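First residue of the sequence shown: 1, per my numbering; consecutive thereafter.
None of these hints come from the bench; they were simulated from the model.
The structure presented is a predicted model; accordingly, all values stated were derived computationally and were not measured.
Even for Gly, the Cβ is constructed at its ideal location relative to N, Cα and C.
Fair warning: there could be bad hints in the mix.
As the list claims (entries may be wrong) - Ranges of calculated distance between the beta carbons of each label pair, as one might list FRET restraints:
#: 1; residue 1: LEU36; residue 2: PHE4; range: 35 to 45 Å
#: 2; residue 1: GLY177; residue 2: THR141; range: 39 to 49 Å
#: 3; residue 1: GLY69; residue 2: GLN44; range: 10 to 20 Å
#: 4; residue 1: SER112; residue 2: ALA209; range: 41 to 51 Å
#: 5; residue 1: ALA209; residue 2: GLN44; range: 23 to 33 Å
#: 6; residue 1: SER71; residue 2: LEU187; range: 22 to 32 Å
#: 7; residue 1: LEU36; residue 2: LYS202; range: 48 to 58 Å
#: 8; residue 1: GLY177; residue 2: VAL142; range: 15 to 25 Å
#: 9; residue 1: ILE12; residue 2: GLY177; range: 37 to 47 Å
#: 10; residue 1: LEU208; residue 2: ASN33; range: 30 to 40 Å
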Amino acid sequence: MLEFTEYTRFLIGLLAIVDPIGVIPIFLAMTVNYALEERRKIIQMIIIAVVSILFVALLFGEILLEFFGISINSFRVGGGILLLLMAINMMQSKDDAARKGKPSEFKDHNGSIAVVPLAMPLLAGPGAISAVIIEAHRHDTVMHYAFLGFIILILGMIIWALFQLTPWLSRHLSMMGISIITRIMGLLLAAISIEFIANGLKGLFPSLAS
Numbered sequence: 001m002l003e004f005t006e007y008t009r010f011l012i013g014l015l016a017i018v019d020p021i022g023v024i025p026i027f028l029a030m031t032v033n034y035a036l037e038e039r040r041k042i043i044q045m046i047i048i049a050v051v052s053i054l055f056v057a058l059l060f061g062e063i064l065l066e067f068f069g070i071s072i073n074s075f076r077v078g079g080g081i082l083l084l085l086m087a088i089n090m091m092q093s094k095d096d097a098a099r100k101g102k103p104s105e106f107k108d109h110n111g112s113i114a115v116v117p118l119a120m121p122l123l124a125g126p127g128a129i130s131a132v133i134i135e136a137h138r139h140d141t142v143m144h145y146a147f148l149g150f151i152i153l154i155l156g157m158i159i160w161a162l163f164q165l166t167p168w169l170s171r172h173l174s175m176m177g178i179s180i181i182t183r184i185m186g187l188l189l190a191a192i193s194i195e196f197i198a199n200g201l202k203g204l205f206p207s208l209a210s
C-alpha cells in the first residue's frame, strides 16, 4: 500500500484528467431545454456510468493488458503521451466547447446523452482509464485496491456536487473563468504525464534509472 499523500495526489491528478469543470459548459448546452428533474436524472446516470467505467478499469484493466500482450511499462509510456496531448490541448487557446466536441455532434435524440458523450469519452475517457490502470499496477494488495476504489467514489461525489451546482455556476462563472481553471488543470496534468512517461521509460530501459 502507498502512503496517504500518494493517494491524495492520485485523486487530484484524476480530477485534473476528468476535468468536470471543463465539461460543465457542454452539459449546460446539451440540457438547455431540459426540465430540472430531467437534468437531475441525467446527472445521476453520468455519475453511475463514470464510476462503473473506472471500476472496470481498476479491476480488469491489467487483465486486458495481459490478454493483448502489452507490458505495463509500455502502457505507462503510451498513457503518459496520451495524457500529455490532453494537457497540451487543455492549455491551448481553443474554445473549451470546441475542444471537447460540439454538442450538436453528440446529441442522440433516440437515447440518453448521459453515457455518451458526457460520461464517456468526455469524463471517463482514455486518459482517466489509463491513469487508473497504471495506478492499480503499483501494488497488488487488497487495501491498495480498496483505497483506489474509495478514490473513484470520492471522484464521483465531486463530479455530482459540481454538476448539482450547474445552475449557480452558469450565473456566476464566466466562460473565461472556466477556461482559466481548465488551463491550470492542464498544467498539472502535463507534469503528471511526464512522470508517467519517465517511469515507463525507466522500466523499458533500466539503464536510464542508473
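Going down the list of hints, with the structure as the test:
no.	hint	result
1	LEU36 x PHE4: 35 to 45 Å	holds (39 Å)
2	GLY177 x THR141: 39 to 49 Å	holds (41 Å)
3	GLY69 x GLN44: 10 to 20 Å	violated (38 Å)
4	SER112 x ALA209: 41 to 51 Å	holds (47 Å)
5	ALA209 x GLN44: 23 to 33 Å	violated (46 Å)
6	SER71 x LEU187: 22 to 32 Å	holds (29 Å)
7	LEU36 x LYS202: 48 to 58 Å	holds (51 Å)
8	GLY177 x VAL142: 15 to 25 Å	violated (42 Å)
9	ILE12 x GLY177: 37 to 47 Å	violated (20 Å)
10	LEU208 x ASN33: 30 to 40 Å	violated (55 Å)
Hint violations for this structure: numbers 3, 5, 8, 9 and 10, all remaining hints satisfied.
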